[in-house]
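Chains W and U are the protein sequences, given in the same order. First residue of the first sequence: 369, per this note's numbering; consecutive thereafter. First residue of the second sequence: 369, per this note's numbering; consecutive thereafter.
If several chains are the same, the list does not tell them apart, and a pair holds so long as it fits within one copy or across any two.
In the SDA-like style, the derived pairs of lysine to any residue whose C-alpha atoms are separated by at most 25 angstroms in a straight line are: (1) Lys384 with Thr558; (2) Lys504 with Trp388; (3) Lys504 with Arg485; (4) Lys523 with Glu616; (5) Lys523 with Leu560; (6) Lys504 with Glu489; (7) Lys504 with Arg390; (8) Lys533 with Thr508; (9) Lys504 with Ile564; (10) Lys504 with Asp437; (11) Lys384 with Ser496; (12) Lys504 with Gly387; (13) Lys523 with Gly624; (14) Lys384 with Pro500; (15) Lys504 with Asp391.
Honestly, the hints are just simulated from the structure, not real lab data.
2 protein chains.
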Amino acid sequence: MDSVAIIGASMTEFGKREGWLRDLLVEAGLACLEDAGVEGHDLDHLYVSNMASGEFEGQTGVMNMLAHDLGALPVYTQRVDQTSSSGGSGVYAACQSIASGASELTMLVGGEKMTHRSTEESTDVIASITHPVEYKHGVTLPSFAGLTARYYLDKYDAPRESLAKVAVKNHRNGVDNPHAQFQKEVDLETVLGSPIVADPLRLYDFCPITDGSAALLFCPEEVASEYTDDYVVVSGVAGATDTHVVHERLDPSVMGGVVESGRQAFQMAGLEPDEIDVAELHDMFTILEFLQSEGLGFFEQGEGWKAIEEGRTDRDGELPVNTSGGLKSKGHPLGASGVAQVYEIYKQLIGDAGPRQVEAETGLTCNVGGFGNCVSTTIMEAGR
Amino acid sequence: MDSVAIIGASMTEFGKREGWLRDLLVEAGLACLEDAGVEGHDLDHLYVSNMASGEFEGQTGVMNMLAHDLGALPVYTQRVDQTSSSGGSGVYAACQSIASGASELTMLVGGEKMTHRSTEESTDVIASITHPVEYKHGVTLPSFAGLTARYYLDKYDAPRESLAKVAVKNHRNGVDNPHAQFQKEVDLETVLGSPIVADPLRLYDFCPITDGSAALLFCPEEVASEYTDDYVVVSGVAGATDTHVVHERLDPSVMGGVVESGRQAFQMAGLEPDEIDVAELHDMFTILEFLQSEGLGFFEQGEGWKAIEEGRTDRDGELPVNTSGGLKSKGHPLGASGVAQVYEIYKQLIGDAGPRQVEAETGLTCNVGGFGNCVSTTIMEAGR
Numbered sequence: 369m370d371s372v373a374i375i376g377a378s379m380t381e382f383g384k385r386e387g388w389l390r391d392l393l394v395e396a397g398l399a400c401l402e403d404a405g406v407e408g409h410d411l412d413h414l415y416v417s418n419m420a421s422g423e424f425e426g427q428t429g430v431m432n433m434l435a436h437d438l439g440a441l442p443v444y445t446q447r448v449d450q451t452s453s454s455g456g457s458g459v460y461a462a463c464q465s466i467a468s469g470a471s472e473l474t475m476l477v478g479g480e481k482m483t484h485r486s487t488e489e490s491t492d493v494i495a496s497i498t499h500p501v502e503y504k505h506g507v508t509l510p511s512f513a514g515l516t517a518r519y520y521l522d523k524y525d526a527p528r529e530s531l532a533k534v535a536v537k538n539h540r541n542g543v544d545n546p547h548a549q550f551q552k553e554v555d556l557e558t559v560l561g562s563p564i565v566a567d568p569l570r571l572y573d574f575c576p577i578t579d580g581s582a583a584l585l586f587c588p589e590e591v592a593s594e595y596t597d598d599y600v601v602v603s604g605v606a607g608a609t610d611t612h613v614v615h616e617r618l619d620p621s622v623m624g625g626v627v628e629s630g631r632q633a634f635q636m637a638g639l640e641p642d643e644i645d646v647a648e649l650h651d652m653f654t655i656l657e658f659l660q661s662e663g664l665g666f667f668e669q670g671e672g673w674k675a676i677e678e679g680r681t682d683r684d685g686e687l688p689v690n691t692s693g694g695l696k697s698k699g700h701p702l703g704a705s706g707v708a709q710v711y712e713i714y715k716q717l718i719g720d721a722g723p724r725q726v727e728a729e730t731g732l733t734c735n736v737g738g739f740g741n742c743v744s745t746t747i748m749e750a751g752r
Numbered sequence: 369m370d371s372v373a374i375i376g377a378s379m380t381e382f383g384k385r386e387g388w389l390r391d392l393l394v395e396a397g398l399a400c401l402e403d404a405g406v407e408g409h410d411l412d413h414l415y416v417s418n419m420a421s422g423e424f425e426g427q428t429g430v431m432n433m434l435a436h437d438l439g440a441l442p443v444y445t446q447r448v449d450q451t452s453s454s455g456g457s458g459v460y461a462a463c464q465s466i467a468s469g470a471s472e473l474t475m476l477v478g479g480e481k482m483t484h485r486s487t488e489e490s491t492d493v494i495a496s497i498t499h500p501v502e503y504k505h506g507v508t509l510p511s512f513a514g515l516t517a518r519y520y521l522d523k524y525d526a527p528r529e530s531l532a533k534v535a536v537k538n539h540r541n542g543v544d545n546p547h548a549q550f551q552k553e554v555d556l557e558t559v560l561g562s563p564i565v566a567d568p569l570r571l572y573d574f575c576p577i578t579d580g581s582a583a584l585l586f587c588p589e590e591v592a593s594e595y596t597d598d599y600v601v602v603s604g605v606a607g608a609t610d611t612h613v614v615h616e617r618l619d620p621s622v623m624g625g626v627v628e629s630g631r632q633a634f635q636m637a638g639l640e641p642d643e644i645d646v647a648e649l650h651d652m653f654t655i656l657e658f659l660q661s662e663g664l665g666f667f668e669q670g671e672g673w674k675a676i677e678e679g680r681t682d683r684d685g686e687l688p689v690n691t692s693g694g695l696k697s698k699g700h701p702l703g704a705s706g707v708a709q710v711y712e713i714y715k716q717l718i719g720d721a722g723p724r725q726v727e728a729e730t731g732l733t734c735n736v737g738g739f740g741n742c743v744s745t746t747i748m749e750a751g752r
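Working from the sequences, and respecting the hints, build out all of it.
Set out below in structure tokens:
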């Protein structure tokens with residue numbers, strides 16, 4: 369697949385927001401158009417990454433609303449759903465639209481509006497991703513995370529504190545992100561003393577429920593410099609599935625979709641894991657950051673926890689992970705998250721990440737759907 | 369965009385079906401694999417066209433279930449939603465996956481499970497496509513159809529009977545389709561005497577609520593003959609939007625999305641409307657068949673009704689329309705309908721349409737989302 373360029377990006381403030389999903393999508397979409405200096409009617413394709421606007425708001429067809437509100441008619445539009453990895457799937461869809469020649473200019477807007485519903489209602493919508501038999505036994509995504517965390521800590525003799533340190537690190541990073549839901553540090557004692565949700569995981573091991581939207585603009589690499597000097601090239605992108613029934617996996621500490629989508633994305637990019645300078649991983653639960661950092665080949669299997677303990681994924685470490693604050697501190701509006709991950713890497717690679725800036729020429733995002741049911745991995749390189 | 373081939377197709381019986389959406393998707397998916405003589409693990413990409421499994425069944429992530437059930441792991445999977453034109457959008461997405469080089473073998477499975485819900489509940493889910501203000505005023509899709517029909521009949525001095533004749537024709541075609549929900553003829557008097565739903569439209573002017581699934585298999589055109597001699601080439605495919613708010617359209621008898629997606633698809637295929645031999649149009653309401661047959665350029669604006677009166681779209685006419693029975697008689701399981709339209713053209717072009725067979729080397733499908741909010745048009749030619 370030919371390489372595709374990202375020539376503009378935006379995101380709204382994440383958190384508890386007023387209004388409808390539509391308002392958030394329009395806010396991000398208009399800001400992205402302005403960022404790239406183009407108009408809505410310049411767009412050929414418009415993708416909306418969103419898991420559940422029908423379930424959360426009783427409103428479907430949001431992509432058609434957005435097409436109208438951006439002044440983009442008669443743009444082709446489509447909603448991309450891959451549950452909590454809808455954003456990463458949207459990036460893949462947008463890249464295919466450009467690489468196939470179907471579109472010369474594609475916008476992707478990801479978003480979700482959730483906080484107007486109770487935590488129980490939102491958890492129930494998210495739990496609808498799981499296998500119906502697992503669901504009927506009460507196994508929601510947080511409980512899968514608890515079971516997996518216990519397995520991991522036991523198998524690899526890892527200390528409970530290492531999980532908490534993921535939350536501490538990502539909250540520390542989030543302090544410098546003006547779009548983050550939580551712009552405050554938490555200490556180890558706070559994480560370890562917070563209420564138990566799914567033993568051994570506690571409240572601060574989980575991302576919050578969030579409203580928000582993020583947008584990206586794509587074009588063929590060969591014309592990117594006509595739009596801007598600040599562009600990024602998507603040199604590898606792939607997605608892969610693992611068993612839908614989580615208990616059918618041979619080793620709960622290995623996410624097959626992470627391994628396979630990473631393998632394909634690295635192959636397409638012609639890069640090795642040690643050539644990646646910065647990464648955004650899907651830390652919906654602290655344990656997931658370990659599983660992805662190992663599955664993608666950044667660290668040996670069972671040694672992701674040591675990297676955290678040694679500060680290797682800190683902002684000044686060898687591989688900064690979740691400089692944005694991650695889902696943990698930035699928030700996790702389902703359909704927006706994978707798009708916002710790419711937004712962060714885009715900002716890092718064009719040198720516009722402000723106080724979060726690290727030295728980076730290459731970056732990676734990993735967006736996890738369900739409990740690893742489908743995973744999208746994207747590798748980017750600074751353009752020029 | 370490079371041309372893409374369709375090398376296999378299947379559909380389930382449409383109608384009132386037992387079980388879950390999942391069962392229908394698996395039935396169509398396995399039949400399509402068998403039709404093409406390939407295995408699930410041969411697939412690179414798997415798209416599911418579905419509008420509302422979350423709303424209808426409380427189950428999301430159906431694409432991940434299907435990936436597992438087809439033995440297709442670690443296939444990349446994604447749900448494509450474009451409301452009632454999700455199937456047509458899925459065809460476009462599948463073509464982009466192949467033409468971009470991201471996939472060498474892509475399956476698309478469209479499906480919807482609706483009949484376990486009441487007609488009121490289903491209508492309410494479908495009405496969630498509309499603009500929230502229109503929705504709050506009680507304007508569901510059937511009422512838009514009634515308003516448009518009245519406008520059309522008045523503006524073009526068309527007789528009420530011409531609408532009823534669409535239903536009569538499509539029911540007559542459906543008799544020969546073993547997958548159709550209604551395999552029985554209806555006469556003009558029955559249509560005109562059925563209960564009023566949205567004046568002037570009556571019960572028999574509307575498609576039914578339906579369960580069902582259909583599947584297609586795509587590969588690059590240059591390798592199609594390695595799989596089968598019976599393949600079809602997608603030579604034109606496009607999608608386009610019209611205003612989300614229906615009352616903002618200058619002329620309610622012109623569907624902008626139909627006109628624009630048709631224009632783009634014909635341009636890509638290098639064909640003119642009079643070079644199309646057979647077409648499947650989205651006759652969710654009888655009036656829509658007129659609007660599409662005119663918007664696509666088959667007949668002059670305001671003269672689609674004359675074509676019906678003169679039998680020009682009958683099975684033995686110059687342009688047979690809805691040889692499958694159309695949505696009207698075959699049924700309309702939202703996410704499946706656009707896929708099943710392409711299934712019918714595929715069968716016609718490979719000469720495997722049984723008693724419905726017409727002489728055709730080229731065919732077209734038009735799949736309408738919402739009330740023309742987004743429309744996908746696909747043009748196919750017999751391979752060889």
